[in-house]
Amino acid sequence: MTAIETKKLSYKYGIGTPFEIKAVDDISLTVEKGSFLGIIGHTGSGKSTLIQHLNGLLKPTHGEILINERNIWTKEVNIRSIRFEVGLVFQYSEHQLFEETVFRDIAFGPKNIGLSEEEIKARVMRAAQAMGVHENWLSRSPFDLSGGQKRRVALAGVIAMEPQILVLDEPAAGLDPYGRDKVLTKIKEYHENSGITILLVSHSMEDIVKYADKVIVMNKGGLFLYEKTDKVFSHADEIVEIGLDVPQITRLARLLKARGIDIGDDIYTVERAKARILELLGKAKK
Amino acid sequence: MEIIKTENLYFDYEIYDDKGNVVEKNPALHGVNLTVQKGEFLAVLGHNGSGKSTLAKHFNGILLPSRGKVFVNNIDVSDDSRIYEIRQTVGMVFQNPDNQIVAAIVEEDVAFALENLGVPPDEIRERIDEAMKLVDIYKYHKHAPHRLSGGQKQRVAIAGVIAMRPMCIVLDEPTAMLDPKGRKEVMGTIKMLNEKGITIVLITHYMEEAAQARRVVVMDKGAIIMDGTPKEIFSEVEKLKAVGLDVPQVTELAYELRKAGVKLPANILNEDECAKELAVILKEGRDLLQ
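Sequence lines, in order, name chains R and F.
What the first sequence shows, in the numbering used here, is residues 1 to 286, in sequence order.
What the second sequence shows, in the numbering used here, is residues 1 to 290, in sequence order.
Please note: incorrect hints may appear among the correct ones.
If you want the footprint, here are the derived chain F segments under chain R, 3+ residues with CB under 8 Å [said to hold, decoys possible]:
#: 1; stretch: 110–116
#: 2; stretch: 173–180
#: 3; stretch: 243–253
#: 4; stretch: 256–265
#: 5; stretch: 274–281
Because the hints were derived from the structure by calculation, they are not lab data.
From a predicted model like this one, the values you see are computed outputs, not experimental measurements.
Beta carbons are placed, not taken as given, at the ideal position from N, Cα and C, and that holds for glycine.
Chain R with its partners taken away, still in its complex shape (with noise of 0.2 Å):
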């Protein structure tokens, strides 16, 4: 089952203006059910404008976006209706929050689309769990919260809409190797329990690398690069050439290769390399 497809998707900001730009440029992509999809590019490759389409934020200049096989933009497609199916939070997701109790914030969405008390309470009581959001937190102020526990409470309340896709803007921008792990640890829990597709969009590749399945890199609005994880890597220089970072660790890997040793072209984690590098002693050693 597909979830997402785009079909020659174009977007242009400032049309018949002198600031005219085209900021996505004729993507065509599918996103299976269920993946956990990263999308990575430099500021301004098209990035955040591609997701802003996929709960019909923005309308394509030119192309299709389909969700769930629908046309989103067709007569017969409620475009609200959308907005329930894809979740969409944005960088900094804790500015969002307004809410006097963390609860009242979680149960904000919810309570609009008109659940009834009881659903609304078992709502907020599975996304916060979800997000490990602690249960004497929610008659408290969000803002006494941290950072990395406020951006929780957020995808708390974008979660309790349960929606079938999620697309997280840099769930972990700004926050400290600690607060990062236990959101994208999180993020990634959520996804093995309840099977939802997410798209993680980071400028961090070791981020990107080490929780999704697929990667898509962008560059100047198009489709640079759309493979598994493990491939990703044999493109690093490719890579590099437009000017993403490859982790440290794929780099230390590119080195030796240079330097006649091959451990491989998919070393993105700390695990993998030293797995190949004691493989490649133990069989020395025999």
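Could you slot chain F onto chain R? The hints should help.
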């Protein structure tokens, strides 16, 4: 010569009730003793809430000690009458460039502090041109700051500080909101300023940035728990992980391989060193096999 010195520094964030009485005290610093020498490049590492930003805010009198002393260039920061002198000695750059840019034109923003100090116009011109050229934003001097990239905006903020000709610049997570390109631009600028003799205190939680400093202190729960060169600090992988910090990937790899019995040095900081050391070991191994 020391430029910043803290003596047994304590700081509590106080919460007041409606009548102005203290109802709650949240201690953020517990007896910090730190000396920064002139010309140093010091990185302060710590997770969120470790007290590193609170400490930084004492370095030019934004916060004043609850107990203990802070001296800037031998001036006590608690001496209210000398606060301008202190702020001209130590300049601050914060995390979010959008929060520190006030003017509608780049060069006006860089000139803002000098205008407030009543510096003569000719001298302002000279000092801001010099500052903008130094951080490589002169070509945008007539641009609107909001049309610049994050890295460029952060360099505008740094230029504004440099125009004050401070002896020391404290940067509080200046790259946290930037993309990798912006991060590189700002780190390059910071290193260049240090080479010109300006003391740098860099507050960060990026290990690869801290590895570029000449000295690193690690904070946890409001106290300094480690102090040394990057090599010394990053060889203590377990201690860093215990306080919620990362180590660079190659440092972790070297640590893991050492645990597994591979004879690698403990203080590997970058991929070049690591590749060199590993290549020797792996090639030896291969030669043995043949």
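Going down the list of hints, with the structure as the test:
1. Taking a C-beta to C-beta cut-off of 8 Å, the stretch 110–116 of chain F contributes 0 residues in contact with chain R, too few for the three needed, and the coverage statement is violated.
2. Residues of the stretch 173–180 of chain F lying with their CB closer than 8 Å to a CB of chain R number 4, which satisfies the three-residue condition for coverage.
3. Given a C-beta distance limit of less than 8 Å, the hint that chain R covers the stretch 243–253 of chain F holds, as 8 residues qualify and 3 suffice.
4. Remark: the stretch 256–265 of chain F is confirmed as covered by chain R, as 4 of its residues place a Cβ nearer than 8 Å to a Cβ of that chain, reaching the required three.
5. Restraint check on the stretch 274–281 of chain F versus chain R: 5 residues with Cβ-Cβ distances below 8 Å, three needed, restraint holds.
Hint violations for this structure: number 1 only, all remaining hints satisfied.
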